[in-house]
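Q: Listed here are the chains, written in short residue letters.
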Amino acid sequence: MIMQRKALKQIVGLKPLPEKVLKRIKLMIFADAHHVLGQMAAALTGAHEGKINDVFDNALLRTAHDHRMLHFEMNRLERALEGTEITPILLKGAAYVARDLKAAQGRRVSDIDILVREEELDQVEKLLMQAGWKADQETDNEYDQEYYRQWMHELPPMRHGKRGTIIDVHHLLLPRTARYKIGIDQMIDGARTIEASALKTFCPADVFIHSAIHAFADGAFDNPVRGFIEHYYLFQDLNESDRKDLCVRAEQVGAEKPVGLAVWCVGFLFSDENAQKMAKNMKKPMLFWLLRWALISKAMDGLTSPLAKALLYIRSHYLRMPMRLLVPHLTRKAIQWRPMSRKPVDLPLP
Amino acid sequence: MHEIIQFIMDESVTDLPENSTVKSVGKSANVDHSAARRNLLKLGVAGMPMVLTLKASARQLAISQLNCVIVLPSRMRILVDSDGNAWSGTRNISYDASKGGYKLSDIQKFKDHRNTREFTGGLPNSLTPSACSSYSYGGGQDDCDDDSGGKGDDDDYDYYYDADFENASSDLDLLMQASSNTYADGIEAGYSSKDDDDDDDCEEPTHIDCGYYFTTLRRNREIRPGDFIDGSVWDLRGDDGLFVALSLQYACGVSETGWPGISCIVSILTYLRQNGGSNACPPY
Amino acid sequence: MAAGPITDDMKWRSSSDGYIATEFDDTYLVFVKASAETHFLNFLSFGIVTETESVAQTATELAMNLRRRFELTDEELTQELVSLTLSELDDTGLIWPETV
Amino acid sequence: MSTVTRVSDLSRREIRSSLREGSLLLHLGPFAQLISGSSDPLIDFLQDTYRDCQVELFPSDVTDVHLNLRAPNILRKFFRPQVVPDPGFEVPAVPLPIEMAPLAFEMGLNLSVALKCCRFVTIHAGVVADKDGAILMSAESGSGKSTLTAALLERGYRLFSDEFALVGLGDAVLQPYPRPISLKEETIPIVRELAGDEWISPIVKGSPKGDIAYRRARRSDIDQSHKQAKAKLILFPEFEPGMRPYKRRLNTAEAILRLIPASTNFGLLGEQAYLAITRLFDDAVAYELSYGSTEQSLSLIDEALQERDDHAA
Numbered sequence: 005m006i007m008q009r010k011a012l013k014q015i016v017g018l019k020p021l022p023e024k025v026l027k028r029i030k031l032m033i034f035a036d037a038h039h040v041l042g043q044m045a046a047a048l049t050g051a052h053e054g055k056i057n058d059v060f061d062n063a064l065l066r067t068a069h070d071h072r073m074l075h076f077e078m079n080r081l082e083r084a085l086e087g088t089e090i091t092p093i094l095l096k097g098a099a100y101v102a103r104d105l106k107a108a109q110g111r112r113v114s115d116i117d118i119l120v121r122e123e124e125l126d127q128v129e130k131l132l133m134q135a136g137w138k139a140d141q142e143t144d145n146e147y148d149q150e151y152y153r154q155w156m157h158e159l160p161p162m163r164h165g166k167r168g169t170i171i172d173v174h175h176l177l178l179p180r181t182a183r184y185k186i187g188i189d190q191m192i193d194g195a196r197t198i199e200a201s202a203l204k205t206f207c208p209a210d211v212f213i214h215s216a217i218h219a220f221a222d223g224a225f226d227n228p229v230r231g232f233i234e235h236y237y238l239f240q241d242l243n244e245s246d247r248k249d250l251c252v253r254a255e256q257v258g259a260e261k262p263v264g265l266a267v268w269c270v271g272f273l274f275s276d277e278n279a280q281k282m283a284k285n286m287k288k289p290m291l292f293w294l295l296r297w298a299l300i301s302k303a304m305d306g307l308t309s310p311l312a313k314a315l316l317y318i319r320s321h322y323l324r325m326p327m328r329l330l331v332p333h334l335t336r337k338a339i340q341w342r343p344m345s346r347k348p349v350d351l352p353l354p
Numbered sequence: 062m063h064e065i066i067q068f069i070m071d072e073s074v075t076d077l078p079e080n081s082t083v084k085s086v087g088k089s090a091n092v093d094h095s096a097a098r099r100n101l102l103k104l105g106v107a108g109m110p111m112v113l114t115l116k117a118s119a120r121q122l123a124i125s126q127l128n129c130v131i132v133l134p135s136r137m138r139i140l141v142d143s144d145g146n147a148w149s150g151t152r153n154i155s156y157d158a159s160k161g162g163y164k165l166s167d168i169q170k171f172k173d174h175r176n177t178r179e180f181t182g183g184l185p186n187s188l189t190p191s192a193c194s195s196y197s198y199g200g201g202q203d204d205c206d207d208d209s210g211g212k213g214d215d216d217d218y219d220y221y222y223d224a225d226f227e228n229a230s231s232d233l234d235l236l237m238q239a240s241s242n243t244y245a246d247g248i249e250a251g252y253s254s255k256d257d258d259d260d261d262d263c264e265e266p267t268h269i270d271c272g273y274y275f276t277t278l279r280r281n282r283e284i285r286p287g288d289f290i291d292g293s294v295w296d297l298r299g300d301d302g303l304f305v306a307l308s309l310q311y312a313c314g315v316s317e318t319g320w321p322g323i324s325c326i327v328s329i330l331t332y333l334r335q336n337g338g339s340n341a342c343p344p345y
Numbered sequence: 004m005a006a007g008p009i010t011d012d013m014k015w016r017s018s019s020d021g022y023i024a025t026e027f028d029d030t031y032l033v034f035v036k037a038s039a040e041t042h043f044l045n046f047l048s049f050g051i052v053t054e055t056e057s058v059a060q061t062a063t064e065l066a067m068n069l070r071r072r073f074e075l076t077d078e079e080l081t082q083e084l085v086s087l088t089l090s091e092l093d094d095t096g097l098i099w100p101e102t103v
Numbered sequence: 138m139s140t141v142t143r144v145s146d147l148s149r150r151e152i153r154s155s156l157r158e159g160s161l162l163l164h165l166g167p168f169a170q171l172i173s174g175s176s177d178p179l180i181d182f183l184q185d186t187y188r189d190c191q192v193e194l195f196p197s198d199v200t201d202v203h204l205n206l207r208a209p210n211i212l213r214k215f216f217r218p219q220v221v222p223d224p225g226f227e228v229p230a231v232p233l234p235i236e237m238a239p240l241a242f243e244m245g246l247n248l249s250v251a252l253k254c255c256r257f258v259t260i261h262a263g264v265v266a267d268k269d270g271a272i273l274m275s276a277e278s279g280s281g282k283s284t285l286t287a288a289l290l291e292r293g294y295r296l297f298s299d300e301f302a303l304v305g306l307g308d309a310v311l312q313p314y315p316r317p318i319s320l321k322e323e324t325i326p327i328v329r330e331l332a333g334d335e336w337i338s339p340i341v342k343g344s345p346k347g348d349i350a351y352r353r354a355r356r357s358d359i360d361q362s363h364k365q366a367k368a369k370l371i372l373f374p375e376f377e378p379g380m381r382p383y384k385r386r387l388n389t390a391e392a393i394l395r396l397i398p399a400s401t402n403f404g405l406l407g408e409q410a411y412l413a414i415t416r417l418f419d420d421a422v423a424y425e426l427s428y429g430s431t432e433q434s435l436s437l438i439d440e441a442l443q444e445r446d447d448h449a450a
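Chains as they are written, first to last, in our numbering: chain S, 5 to 354; chain R, 62 to 345; chain Z, 4 to 103; chain X, 138 to 450.
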């Protein structure tokens with residue numbers, strides 16, 4: 005585990021790259037497999053000799069494409085909502101890129117996520133459809149459509165018919181059934197307009213809060229390595245007053261536990277003293293230590309314990325919905341999907 | 062699209078509005094272009110687009126990748142159940158509407174045959190027949206007769222069904238309408254019907270007309286997987302779509318060997334990857 | 004299909020910074036930097052792009068100016084075709100209503 | 138401790154153990170490729186078809202590509218050794234019988250370049266060059282591109298690539314990537330005739346693409362793979378038996394219009410790719426060619442080169 009913390013620190017440039025070539029190669033394969041090679045390149049570019057510059061150039065060219073695509077999608081989104089009073093809040097990658105945060109540098113982005121007020125949802129959906137987005141095929145069936153609309157915090161994903169890009173329109177940050185109730189209205193009220201744009205992002209503290217919620221109160225934490233690095237950079241992006249805000253704000257909106265966990269992770273994994281100090285005074289989730297073990301174990305990939313995986317999977321659903329919904333849902337999903345078994349990509353090196 | 066562009070090129074002649082950002086090539090001098098332009102405008106009114114978009118991704122590759130045709134080297138039969146499982150093989154399954162549909166023992170033989178390939182799950186809903194309800198299971202009232210009329214061996218049936226299969230399969234479509242229970246429920250209901258006041262004293266049904274879809278693809282049938290690409294995602298329909306769905310499972314690493322047209326499927330998968338299709342492999 | 008709602012009083016803009024164009028035989032190969040897409044424009048659609056570069060114009064103003072520029076009558080260059088072409092161009096991001 | 142040698146200088150045992158360790162580094166043109174996954178058919182193939190290539194048994198630096206030739210990760214009813222190319226990102230990988238490891242290897246490298254390379258504009262094309270510049274041939278599969286590439290090698294051109302034109306961002310200079318030329322089915326005997334039997338690899342039979350063989354890159358191609366070239370001729374060839382030879386000069390815009398779709402990363406690179414493709418035409422002229430035989434295609438190319446020179450003079 006110590007070695008893995010080292011890997012995270014090397015990726016963000018807190019520790020020098022391994023001198024031994026095989027170790028260096030292994031680290032870069034690890035970064036690539038977890039989609040953070042671009043971030044590694046952005047953090048380390050220019051400081052090295054030899055082939056690594058080619059590899060970093062390559063990674064940066066790829067993320068430049070993602071960012072350009074995202075900017076165009078933002079442009080198209082604004083265009084689609086032209087003439088309305090709706091000012092969507094960009095979430096996650098889109099927000100980091102729009103604000104040019106450290107968390108955006110070299111980050112891969114594929115979809116655009118936005119948040120609107122629930123009462124605006126129908127109009128936004130209608131306008132996006134008019135502008136060429138349509139229900140994505142993956143969820144374009146009665147069950148998924150109804151499931152999303154009844155229980156989820158977002159519309160079923162929409163894909164643009166010509167460009168093929170996906171937009172997720174949220175009205176909440178967590179499913180309606182989720183255990184954590186987040187003060188979404190306060191967060192929306194605190195959002196800030198992006199200059200010369202009809203789009204907004206959360207205030208800096210809320211940006212961090214949302215990322216923490218996304219990682220720890222929702223989903224199965226699909227890509228923990230990327231998630232940890234995101235928290236680290238978002239924390240670096242907060243100035244002193246933002247950090248003070250963060251504690252207050254987390255409590256106000258009811259997200260102390262996920263935020264506490266995220267800050268703890270930044271402190272523990274990246275030895276960030278500010279985060280360590282801050283985490284001491286913050287609430288931790290139930291079963292904190294067990295969870296901590298599971299998360300870290302998952303981040304270590306190849307070493308993944310099936311138990312940790314199962315724990316996270318059940319937890320993610322436990323967080324999203326009460327048992328009476330959970331059991332039928334998981335059963336239904338099991339019948340509907342039957343996914344192919346795909347082992348994670350083997351590392352080519354021992 | 063190329064024809065339209067060529068057409069525009071042919072129809073138009075040259076004149077350039079002053080604009081420093083435009084690099085001009087192939088410009089011919091001072092031709093009276095106004096007639097050609099007027100023509101173009103008429104076409105515009107008639108619906109010809111004034112802006113054409115070159116698909117900014119490997120389109121020419123795409124053309125070769127997407128245009129491939131799979132020609133079936135031999136007859137192939139496919140059985141699908143309501144759970145999205147599929148079997149492909151060459152044996153026939155007898156269908157007799159008067160006895161209540163497909164002969165269950167044939168279905169079992171088809172599944173068990175050593176040359177049958179099994180695909181466990183993963184078919185999209187659009188290709189999966191509805192499950193049986195407890196009531197639609199079985200068939201006519203007199204299906205307790207043993208199948209004396211149907212004892213002939215499979216090969217006897219081949220001829221008949223090959224000639225008539227198109228009809229049989231479309232009838233089947235109609236039979237496979239909505240119901241909520243699974244096939245397994247149907248079977249249980251069938252077994253438990255011993256005790257109820259059913260007119261018949263049948264031990265167990267011999268035929269089934271729901272929960273399965275069975276089809277035959279003839280030798281030399283041409284299948285164009287590219288027809289099922291919508292943008293960068295699969296839209297699988299019909300028997301050809303079913304074949305493509307199974308090919309995808311093979312190409313994505315589920316089955317064994319010897320599936321026709323795999324290079325065509327792989328080239329399409331590659332195209333989809335290049336074009337950002339995130340669901341090229343099942344589930345679609 | 005347009006990229007968003009269109010009203011008659013919208014004034015359209017473009018910018019030559021946003022694209023690279025190559026002309027051949029009255030047709031224009033136009034690379035749009037923001038979308039990284041390449042389009043083919045004919046004299047009319049490209050004319051709309053260049054026309055709206057210096058001053059934002061409504062569809063009606065555009066039709067008038069284009070008729071003058073290309074020496075065409077109302078019947079030859081209809082308002083309807085100009086509006087239709089505007090919505091096609093809107094989709095490429097080459098032009099946009101002024102407030103966006 | 139690490140040294141660059143040719144494949145032919147290594148023993149089979151050395152190659153095997155390096156492939157097992159996943160530490161075999163293959164240098165080809167601008168790419169360093171780390172290969173892992175040992176199998177007899179792959180070792181045979183490397184020793185035959187890549188004999189003159191530069192390799193290291195132990196990598197001296199990080200690499201552009203990591204290609205793992207591994208067993209497919211599926212539960213199978215019967216055990217039979219199979220192989221899939223795994224370039225480290227999700228690709229549609231067909232499990233191939235182990236005898237087809239060479240094919241998996243070539244497919245894996247092609248996928249890596251087509252889908253992961255961003256440092257060059259990659260165009261699906263064959264490229265050869267002489268001292269005056271490069272000829273780029275962009276065509277769909279089955280249009281005789283490989284045969285034409287192989288035929289031009291016999292005319293004194295050096296091999297850049299049979300699969301990808303690598304166009305430099307900014308300078309639009311073409312970069313050699315001398316991999317073996319992949320020959321399918323009926324082109325195998327044609328190229329065997331042209332090049333001589335000793336230049337053709339053993340045939341991989343019954344692959345998903347039919348019978349496949351490779352025409353090796355020559356030692357001189359490999360040793361000059363650092364020497365870039367500007368394009369002088371851009372061709373869109375089309376072969377069909379019995380077709381009357383025909384050539385048509387394309388204007389730049391039309392040629393651009395046909396090159397863009399042949400690029401695997403044009404959309405990804407955006408403006409840089411557009412500018413690079415445009416700059417190809419600073420020195421090059423473009424033609425569409427159709428022909429019914431290799432001889433015809435070669436004389437059409439001669440004519441095109443002559444026209445280009447006349448025009449320049």
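Think of the hints as simulated: they come from the structure by calculation, not from any bench. Check each hint, because a few of them may be wrong.
Unchecked claim - Simulated crosslink set (DSS-like; lysine-lysine; CA at most 27 Å straight-line):
hint: 1; chain 1: S; residue 1: Lys166; chain 2: Z; residue 2: Lys14
hint: 2; chain 1: S; residue 1: Lys106; chain 2: S; residue 2: Lys55
hint: 3; chain 1: S; residue 1: Lys204; chain 2: S; residue 2: Lys19
hint: 4; chain 1: Z; residue 1: Lys36; chain 2: S; residue 2: Lys204
hint: 5; chain 1: S; residue 1: Lys55; chain 2: X; residue 2: Lys321
Nothing here was measured: the structure is a model prediction, and the numbers come from that model.
Q: Against each hint, give a clear statement of whether it holds in the structure.
A: Status of the hints after comparison with the structure:
1. The suggested pairing of S:Lys166 with Z:Lys14 holds, with an alpha-carbon distance near 25 Å, which does not exceed 27 Å.
2. Between S:Lys106 and S:Lys55 the alpha-carbon distance is near 25 Å, which keeps this suggested pair within the 27 Å criterion.
3. Proposed proximity of S:Lys204 and S:Lys19 is contradicted: the alpha carbons are some 35 Å apart, above 27 Å.
4. Taken as a hint, the Z:Lys36 and S:Lys204 pair is honoured in the structure, with Cα atoms around 24 Å apart against an allowance of 27 Å.
5. Under the criterion of a C-alpha separation no larger than 27 Å, the hint pairing S:Lys55 with X:Lys321 is inconsistent with the structure, at around 34 Å.
Against the hints set out earlier in the document, violations occur for numbers 3 and 5.
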